[in-house]
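Engineer: Single-letter residue listing:
2 protein chains.
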Amino acid sequence: MQQQVSLITLGVTDLERALAFYRGGFGWEPVFETPGIVFFQMNGFVLGLWGKDNLAEDAGRPANGHGAIALAHNVSSREAVDEVMAVLVGAGATVLRPADEPPHGGYRGYVADPDGHAWEIAWNSAWPIDEEGRVQFAI
Amino acid sequence: MQQQVSLITLGVTDLERALAFYRGGFGWEPVFETPGIVFFQMNGFVLGLWGKDNLAEDAGRPANGHGAIALAHNVSSREAVDEVMAVLVGAGATVLRPADEPPHGGYRGYVADPDGHAWEIAWNSAWPIDEEGRVQFAI
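So the protein lines, in turn, are chains H and B.
If you use our numbering, the first sequence corresponds to residues 3 to 141, in order.
If you use our numbering, the second sequence corresponds to residues 3 to 141, in order.
It is possible that part of the hints are untrue.
Identical copies look the same in the list; a pair holds intra-copy or inter-copy alike.
Stated by the list, open to error - The calculated lysine to any residue pairs, modelled on SDA-like cross-linking and capped at a C-alpha distance of 25 Å, are:
| # | residue 1 | residue 2 |
| --- | --- | --- |
| 1 | K54 | G135 |
| 2 | K54 | E85 |
| 3 | K54 | E134 |
| 4 | K54 | P64 |
| 5 | K54 | S78 |
| 6 | K54 | Y109 |
| 7 | K54 | E103 |
| 8 | K54 | S79 |
| 9 | K54 | A114 |
| 10 | K54 | E133 |
| 11 | K54 | T96 |
| 12 | K54 | D132 |
| 13 | K54 | E81 |
Calculated directly from the structure, the hints in this document are not laboratory data.
Given the structure is predicted, the values throughout are model-derived calculations rather than measurements.
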């Protein structure tokens, strides 16, 4: 089977608010947008914002808490971590962990989006990112 | 900012069990593996399995429930949805929703991995997937 994730769907309580956060904070533009669902074309997959209740009904399981999962957005410099976190907070994010140096190297912090989904903003100089945003594991 | 997710980290309670599931169920091979963390090179990003408590400490927030998020793995035929779901269940997944046809078309079901992370297994003939597993939004 391909080592492939096709879609990440984030359940949200207010789609307009979530879209405003991803557009205004990350600066991302949807590839498809309706009052019910929004899709972003990402680096090899699609990110969707969908009503939490719609996702729960589709998945056959009610939403529950914020889970044990984090998405990371890596940036190209240490300074950019703090800059991006500040922009995200300005767009509605909450700081979970202010940026600092983890034991494994680099520099990172965490914010939660308006629905509580965790985002790590990280500088990891070891992992190359190409022009199309594709990220490669490296040590 | 790049429309880019660098890393998805799944918090797990038993790393060996989680690795056995992703290796034995999806058939994915790690690009890096230690007793503490496992990374898979995916289609443009990295997927990590990490101790739930480690992730919680790193993120500055305790894990809580299973969240309102789903990852999807799209397959190339309707039949493959049921086949893949059966293999995943054999490897330790729990069915959340048996596969059927959603109102928006295609065919999909949902399972939870051994730690409760939701995976949608879907056939969506509209979205092309290239040889390297990169998925393109299309209508």
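Engineer: Would you mind marking each hint as holding or not holding in the structure?
Structural biologist: Consistency of the hints with the structure:
no. : hint       : in the structure
1   : K54 - G135 : neither (28 Å within a copy, 27 Å between copies)
2   : K54 - E85  : neither (30 Å within a copy, 28 Å between copies)
3   : K54 - E134 : neither (30 Å within a copy, 31 Å between copies)
4   : K54 - P64  : both (9 Å within a copy, 21 Å between copies)
5   : K54 - S78  : neither (32 Å within a copy, 27 Å between copies)
6   : K54 - Y109 : between (32 Å within a copy, 20 Å between copies)
7   : K54 - E103 : between (34 Å within a copy, 20 Å between copies)
8   : K54 - S79  : neither (34 Å within a copy, 28 Å between copies)
9   : K54 - A114 : both (16 Å within a copy, 17 Å between copies)
10  : K54 - E133 : neither (33 Å within a copy, 32 Å between copies)
11  : K54 - T96  : both (19 Å within a copy, 21 Å between copies)
12  : K54 - D132 : neither (33 Å within a copy, 30 Å between copies)
13  : K54 - E81  : neither (34 Å within a copy, 28 Å between copies)
In this structure, the hints that do not hold are numbers 1, 2, 3, 5, 8, 10, 12, 13, in rising order.
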